[in-house]
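Each residue of the sequence shown is one higher than the last, beginning at 1091 in this note's numbering.
Derived by calculation from the structure, the hints in this document are not laboratory data. Just so it is clear, the structure is predicted and the values come from calculations on it, not from any experiment. Misleading hints may appear alongside valid ones.
What the hints assert, rightly or not - DSS-like mimics (lysine-lysine), calculated; alpha carbons at most 27 Å apart, straight line:
{"id": "1", "residue 1": "Lys1201", "residue 2": "Lys1259"}
{"id": "2", "residue 1": "Lys1164", "residue 2": "Lys1259"}
{"id": "3", "residue 1": "Lys1098", "residue 2": "Lys1197"}
To be verified - Listed next, with one range per pair, are the computed distances between beta-carbon atoms:
{"id": "4", "residue 1": "His1104", "residue 2": "Ser1193", "range": "38 to 46 Å"}
{"id": "5", "residue 1": "Asp1163", "residue 2": "Ile1233", "range": "21 to 29 Å"}
{"id": "6", "residue 1": "Asn1106", "residue 2": "Lys1230", "range": "35 to 43 Å"}
{"id": "7", "residue 1": "Asp1116", "residue 2": "Asn1173", "range": "28 to 36 Å"}
{"id": "8", "residue 1": "Ala1135", "residue 2": "Pro1160", "range": "20 to 28 Å"}
{"id": "9", "residue 1": "Leu1119", "residue 2": "Lys1251", "range": "30 to 38 Å"}
{"id": "10", "residue 1": "Ser1167", "residue 2": "Ile1244", "range": "40 to 48 Å"}
{"id": "11", "residue 1": "Ala1135", "residue 2": "Glu1113", "range": "16 to 24 Å"}
{"id": "12", "residue 1": "Glu1194", "residue 2": "Ser1107", "range": "33 to 41 Å"}
Idealized CB from N, CA, C, for every residue including glycine.
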Amino acid sequence: MTSESFEKMLTGGHPNSLGRTIEVVDIVLANSARLSDLYNCYFSADEIVRLRTSNAIKRISLENPEWLVPYIDKFISEISKINQPSAQWTLANLFQTLSIFMSEAQKTSAKKILQDNLENYTDWIVLNNTMDTLSKWAIKDSILKEWLLPHLEILARDPRKSVAGRAKKIKTDLM
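Using the sequences and the hints given, assemble the complete structure.
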């Protein structure tokens, strides 16, 4: 077991690499008490640390989503305010994974955050992940569906093939 801080472990290397993210994930999976140390890396001044934190949190959510239930309010109130695409696309994933654990108030807040992200972010990964989560929720939420369809129509004309293709497919699936 390493005594290095998670922030130090997630620092450095090529920005597009995972660096030591998997090592950090393994440490947390072996000791859930370390999850708060990882979460706190979201507040690092280093953009790469925040990116890798998002990646690690997403991986942990897929293994043990229930571990993140105590963080739902923090994702809504703190992580949603981080103006970094990786935090926002991870948030879309986390909200989808954790929605079964969310209260109605939390779901309402999460929905507003994702709607805002869909309207205001230009990052293609944020848009794709946000469309995915909102479309899954829109299946059982006619008001959300009514809101989402015109946005999908706009995104279906996006010059980026992945965004346009995803928007077209989701719109077809929702009709």
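- Item | Unsatisfied constraints (hint numbers, rising) | 2, 3, 10
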